[in-house]
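Let's have the full structure, built from the sequences with the hints guiding it.
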Amino acid sequence: MNEDLKPPAMFELIEHTADIGFRTWGKTAAELFENAAGALMAVAVEIETVEAREPYPLAAEGLDYESLMVNWLSEVLYALDAKRTPLRRFEVSEVTPARITGQGWGERWNPARHRAKLIVKGVTYHQLQVEERAGGWYAQVVLDI
Amino acid sequence: MNLEPIDAFRFRIARDERRGMRTHVVVYASQTLIDQIRKDLSLEQAMNVATLPGIVGPSLAMPDIHQGYGFPIGGVAATDVETGVVSPGGVGFDINCGVRLVRTTLTEAEVRPRLRDLLNQLFRDIPCGTGGAGPVKISRQQLAEVLVEGAGWMVKNGYGSERDAEFAEESGCLKGADPEHVSARAKERGQPQLCTLGSGNHFIEVQWVERIHDEAAARVMGLEAGQVVVLIHCGSRGLGHQVCTDYLAQMGAAMKRYNITLPDRQLACVPIQSPEGQAYLAAMRASANFAWANRQAILHFTRGSFARIFGAGARLELIYDVCHNIAKQETHVVDGKKRAVLVHRKGATRAFPPGHREIPAAYRGIGQPVLIPGSMGTASWVLVGTEGAMQETFGSVCHGAGRLMSRTAARKGRNAREVQDKLEEQGILVRSESRDGILEEIPEAYKNVDEVIEVVHAAGLARKVARFRPMAVIKG
Chain U
1 MNEDLKPPAM FELIEHTADI GFRTWGKTAA ELFENAAGAL MAVAVEIETV EAREPYPLAA
61 EGLDYESLMV NWLSEVLYAL DAKRTPLRRF EVSEVTPARI TGQGWGERWN PARHRAKLIV
121 KGVTYHQLQV EERAGGWYAQ VVLDI
Chain Z
1 MNLEPIDAFR FRIARDERRG MRTHVVVYAS QTLIDQIRKD LSLEQAMNVA TLPGIVGPSL
61 AMPDIHQGYG FPIGGVAATD VETGVVSPGG VGFDINCGVR LVRTTLTEAE VRPRLRDLLN
121 QLFRDIPCGT GGAGPVKISR QQLAEVLVEG AGWMVKNGYG SERDAEFAEE SGCLKGADPE
181 HVSARAKERG QPQLCTLGSG NHFIEVQWVE RIHDEAAARV MGLEAGQVVV LIHCGSRGLG
241 HQVCTDYLAQ MGAAMKRYNI TLPDRQLACV PIQSPEGQAY LAAMRASANF AWANRQAILH
301 FTRGSFARIF GAGARLELIY DVCHNIAKQE THVVDGKKRA VLVHRKGATR AFPPGHREIP
361 AAYRGIGQPV LIPGSMGTAS WVLVGTEGAM QETFGSVCHG AGRLMSRTAA RKGRNAREVQ
421 DKLEEQGILV RSESRDGILE EIPEAYKNVD EVIEVVHAAG LARKVARFRP MAVIKG
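Chains as they are written, first to last, in the numbering used here: chain U, 1 to 145; chain Z, 1 to 476.
These are calculated hints, taken from the structure and not from any lab test. Heads up, a few of these hints could be off.
[Stated by the list, open to error] Stretch by stretch, here's where chain U covers chain Z in the computed footprint (C-beta under 8 Å, at least three residues):
#1 92-103
#2 178-191
[Stated by the list, open to error] With a straight-line cut-off of 20 Å between C-alpha atoms, the simulated DMTMM-like cross-links for lysine to aspartate or glutamate are:
#3 Z:LYS156 / Z:GLU166
#4 Z:LYS422 / Z:GLU444
#5 U:LYS27 / U:GLU131
#6 Z:LYS337 / Z:GLU166
#7 Z:LYS256 / U:GLU15
#8 Z:LYS175 / Z:GLU82
#9 Z:LYS412 / U:GLU46
#10 Z:LYS412 / U:GLU12
#11 U:LYS83 / Z:GLU188
#12 U:LYS83 / U:GLU131
#13 Z:LYS338 / Z:ASP80
#14 Z:LYS39 / U:GLU15
#15 Z:LYS256 / U:GLU61
#16 Z:LYS412 / U:GLU66
#17 U:LYS27 / U:GLU94
#18 Z:LYS256 / U:ASP64
#19 U:LYS83 / Z:ASP246
[To be verified] The following residues of chain Z were derived to be distant from chain U, with all beta-carbon distances above 12 Å:
#20 VAL26
#21 GLU82
#22 THR83
#23 ALA216
#24 ARG237
#25 GLN278
#26 ARG339
#27 ALA362
A virtual CB, placed ideally from N, CA and C, is assigned to each residue, including glycine.
Quick look at the structure:
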């Protein structure tokens, strides 16, 4: 299957008065972090306009899975806002509570083809959950809009 | 939660030691507003703020309070400068998000016929959303200067007049900024973003003065009925967002070292006098200065847009500029004693009274102008600060109407074109780079701004001066 045709990450948006949050799942911790990154990108841009052309290396450190999630998503946000590289697809190669490495695939922002949705200002610790549950992994994240 | 009315505009939540609260909470609201406020977690968040080490006086909630992350939006907390903490979450990701109000020499009747041209010109001249780099190109060295000098740097380099810098809170520059404490990443994000609006609730609105409530104060501000004004709402862009991200990442470990535990991790804080606290404050001030430079640049290009449509005779002068996401060291009288405190205003506006030496001499007779934007379909207000705010709220009031509806709920079942058509029927033109941007900011998503204003006016925290109606809106 052409990777570009893969549906966006599995997630759902959650209600928050001022900002936006999402819940996401994964069979493994790696898949959870991949899906969370996909959810963040889908909040910020019309993700179907982005093609997974170029690899973009990603890595983050944390004190635990929660801070790892915030730092990982902050890296994805940095790719978008500073490097102007929206990412369509993610692959985590290694994840422990202290460190995550992987990469995203995306392309340089092209105003003719890409459409922005919202500028995400930051990834918050508010109501943050990252946990292993029976049968998989679950995360809840609130973003500052 | 034990929420008790104090009077028609004040409620109190008693200190609950089992929750770790070090003080009580005072909420400024009417009965209607408190019923709305209780629907989200904002009051729990105000109670969490009451657990901050070194908090002085109550944890305060303004009538526009709504759920944020860590601090509620519309929250005010003062901490002792020697023994208290600073919380980056009490400032937020958008450091020195704020508003500036500009008067024009044009009337509503003069602007209406060219309104669409003006809107399109503003949209061309000032990038919004992810619309790319701003029109002010600066080097890395110049960015370091901007971080120290704020609005003054823009004025010095031809983007405005001396008067512009004077008519801003702190004269558009917080002392004690240190670019060395701003990461390379934050600088990388900020450098191309000077003179960009951003997105979310940021905007440029062309408005007209619908009603004057205080003739004398309005005269001092150069305002009269029917006059066109411009309101600009934005902040420190990616630079400030990255500074907050960087320091939050450090604070988890630092809090363990200082043995601080809190009910919400987003409240992350460190002692003001610690190396981490001082570094954050130096970076926060630099970000605040970037935001003032950003709003000054936007004013400069707004002047250009007006000149292009209405000729050089159309003049725009800054009335005032306030920040509503900031932590500032101030002196306040608490229980009869002068105290040096760090006032966190998270979605709250400073409202200093007449005679205060930190407001421009021109306004010392009336009090500091307090700028309160509403939603894009309703109204905005200018008020003036009072002695009441000094006595009760560390010289602070609300910052807007306050959201009522989540962004997802606002989008549901609505179409951006229909929203734009409906506003156009009311004489309000709207442009945005993003359809979601328009839908999420619909007037129905906000509380009634007039009711919010009524509470701060009746509680004696600020006095109404004038009400504005929007004509043209650029949503970031």
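Take the C-alpha atoms of LYS175 (chain Z) and GLU82 (chain Z), compute the straight-line distance between them, and say whether it is at most 20 Å.
Since the Cα atoms of LYS175 (chain Z) and GLU82 (chain Z) sit roughly 19 Å apart, the hinted pair holds (cutoff 20 Å).
Please verify that the nearest CB of chain U lies beyond 12 Å from ARG339 (chain Z)'s CB.
Given a closest Cβ separation of 30 Å, the condition holds.
Could you grab the alpha-carbon distance between LYS422 (chain Z) and GLU444 (chain Z) and see if it respects the 20 Å cut-off?
The given pair, whose Cα atoms are some 12 Å apart, holds under the 20 Å limit.
For VAL26 (chain Z), is the shortest CB-to-CB distance to chain U above 12 Å, so the non-interface label stands?
21 Å, holds
Tell me if the straight-line CA distance from LYS256 (chain Z) to GLU61 (chain U) falls inside 20 Å.
17 Å, holds
For LYS27 (chain U) and GLU131 (chain U), compute the direct alpha-carbon distance and say whether it is at most 20 Å.
12 Å, holds
Proposed proximity, GLU12 (chain U) with LYS412 (chain Z) (alpha carbon, max 20 Å)
Holds: LYS412 (chain Z) and GLU12 (chain U) sit about 14 Å apart, inside 20 Å.
Checking one constraint from the list: CA of LYS83 (chain U) to CA of GLU131 (chain U), max 20 Å. Satisfied?
31 Å, violated
According to a criterion of three or more residues whose C-beta lies within less than 8 Å of a C-beta of chain U, is the stretch 92-103 of chain Z covered?
holds (count 3)
Check the hint pairing LYS39 (chain Z) with GLU15 (chain U) against an upper bound of 20 Å on the C-alpha distance.
12 Å, holds
For LYS256 (chain Z) and GLU15 (chain U), compute the direct alpha-carbon distance and say whether it is at most 20 Å.
31 Å, violated
Over 12 Å to the closest beta carbon of chain U is the bar; see if ARG237 (chain Z) clears it.
Answer for ARG237 (chain Z): violated, closest chain U Cβ roughly 9 Å.
Hint compliance for this structure: hints 6, 7, 12, 16, 24 are broken, all remaining hints hold.
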